[in-house]
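Turn these sequences into a full structure, and let the hints guide you.
Protein chains in written order, with our numbering: chain A, 1 to 300; chain B, 301 to 706.
In short, the hints are calculated from the structure, not lab data.
We treat Cβ as the ideally placed atom computed from N, Cα and C, and that holds for glycine.
Take the hints with a grain of salt, since some may be wrong.
As the list claims (entries may be wrong) - Mimicking EDC-like on lysine to aspartate or glutamate, the simulated pairs with C-alpha atoms at most 16 Å apart in a straight line are:
hint, chain 1, residue 1, chain 2, residue 2
1, A, K155, A, E281
2, A, K81, B, D513
3, B, K317, B, D513
4, B, K620, B, D573
5, B, K589, B, D572
6, B, K518, A, E50
7, B, K648, B, E626
8, B, K648, B, D572
9, B, K518, A, E42
Unchecked claim - Residues from chain A shown here face chain B by an in silico Cβ test under 10 Å; the list is partial:
hint, residue
10, L4
11, G8
12, C12
13, A27
14, G29
15, A35
16, P56
17, W57
18, S60
19, A66
20, S70
21, F79
22, D107
23, H110
24, N111
25, I272
Unchecked claim - Reference listing, derived: stretches of chain B covered by chain A, where coverage requires no fewer than 3 residues with Cβ under 8 Å from a Cβ of chain A:
hint, segment
26, 325 to 339
27, 353 to 366
28, 373 to 384
29, 519 to 527
30, 595 to 603
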Amino acid sequence: MEKLLAPGHRACAGCSMPTVINLVLDAAGPNTIVATPTGCIEVTTTPYPESAWRVPWIHSLFENAAAVASGIEAALNHFGKNHNVFVIAGDGSTLDIGMGCISGMFDRGHNVKYVCYDNEAYMNTGVQRSSSTPPCTSTTTTPSGKVSFGNPRPKKDMPAIAVAHRVPYVATASVAYPVDLRRKVKRAISIPGPAYIQVNAPCITGWSFEAGTTVEIARLAVETCLWPLYEYVNGELAGVKKIHVKRPVEDYLKAQGRYRHLFRMKGGDEMIRVLQQMADENARKFGLLYEGDVTCTSGE
Amino acid sequence: MIAKEEMSLKERMARMKVVEGSYAVAHAVKCCAPDVISAYPITPQTHIVEHLSQFVADGELDSEFLTVDSEFSAMSSLVGASAAGARCYSSTTSQGLALMWEVLYNAAGMRLPIVMTVANRALSAPLNIWNDQQDSVGARDSGWIQLYAEDVQEAADAIPQAYKIAEDPEILTPVMVCMDGFILTHVYEPVELMSAEEVERFLPPYRPEHILDPNNPKTFGAFADPSYFTELRYMQWDAHRRALNKIETVAREFAEQFGRWYGGLIDTYHADDAEVMIVTMGSVIGTIKDCIDMMRSEGLKVGLVKIRSYRPFPTEALRKALKDAEVVAVIEKDVTVGNEGALLTDLKAALYNTPARVPVIGFPAGLGGRDITVRDIRRVVDKAIAARDRGIEAEMEFLSLREDLL
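Have a look at this one:
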């Protein structure tokens, strides 16, 4: 099938974002309208007068994609038209500046499927911290330094916020698990009302990893339990992706420049232990491991 | 202007109802049958959307009514709805308009023909819910067409006109209809309420050429680098230039069908032989007209120019109307802190490259809802005559400052 995001866009080599878009659109099909906030998607896919989009697409502002999509859905509803309405947005526009609009859209119950590709910082403007940036990450506004291990705060738990809005379908996904992501998009479409899917989407420049390893990095996030894959239906945990072999967080951290300081600084090992505890807590909370697999720590 | 289908005064009186200003506006909106309305409560615009929501609740109006989380979302949702092909309406005021600021530019730049009522109100700090026009005047450069209403009937009648202007394929520009908060929104006046059938004859259905449609996918809101941006701005600017004619034409068409005329870009009152001309916009015009009647009976040759379209700015019309004046006084409900009244600056600029060297002075007045009285207007005229006879002492002066507070 023809890809609905045409090749020839200007995303970085190794960027996971176009892959996320194509997986989402493959699952949603051409009967889809996409709203996108300001960010990498816009600047890499729509330099006027060009466009990489083969579905109708709109960008308005940085913080209003959810409200724009609300209006689209309202208009379609009024005209009796039946198209999928999607937002595809980064984490800064979702968890930070767009929070009011997305809360309003969830609250009003619009039939809009919101996909956040989470690269865990403001990448389009040069890797500044967002509220989705994990702890101990070095960004340009939370750099590691002589007295700093980088970002001091945990990730804002956006899926939980969506669940708290009684969004009927909430899921996490990963670019490394395309079948799982596609299935979740299809499930989101099958359930009327808003949906929220947050996709782990590594950024080659912001995370600083070897070109060609994007999917491996994303898979490590899942296998270390730092990025649990789960879905909530009507507020209940409805499914998790179990881990066969749980990897230590070091395997994930070592592969990326944004955590390099943890392996060089005094006290870095203690911070890695804290991150390991977070991963273990995810494993426990979501039941990510098969019984008896908890102690597995080596590679595949 | 005379109505084509001329009605007797008796017939027109029979059509009149005493209604609240907000109701008259909401009724006019209902007759235009918008597909999507978004609403966020803020005084003094709230009654407009309350009336609209009641129409929807009673099944009198088939619109999607979005109760949004902020004015920012109100305008953003209309951007989406308009791009999806919907006729859209919202209303706001003051801080709400300020919160929309970013989206105002966006809606205009994306050439979306949204219509919005602004119930003019002061901007804080200090917090003040009463009328002046600082809010919409502050949004004058956002790319929206701005029409100002003198009374309730005009504010209501401007709605179908606004859609007709905005949706014209040659214009495709959002329109803000500004009416003074409380003074017009909350007053009860006898109003001729239009009917949906009449509006249907006046306003063609909205059939946009470019919409978000999976059967014909288009990209909206691409980014433009320096090699394209200027031309896109130029096209917006050019649409405003075309709107100068369109606003006039639509006003005439409205007058022909409905028998009500408020001027095109501007209107005048006792202007032909006037030596002293007052230029202003909004509801203070009623007071000024009464005052002119009184002064005329005393032999003072005073006239009025009412600005109906502030953007696009009616430069040529103003030059023509003011060419024989001996002095011009601007009364406006705003002030540019650090300079002078916005209308004063605009008017002086319009007159500068003309042979006329008429003295122009300005008076910010009625800020934060303070009454503008007949005595105030007389003071303006006295100062204008003094400026004519003895030269300008102060180019701009706050009207009737309370010295005890300073």
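Please list, smallest to largest, the hint numbers that this structure does not respect. Numbers 3, 8, 11, 12, 13, 24, 25, 30 - these are the hints that the structure violates, sorted from lowest upward.
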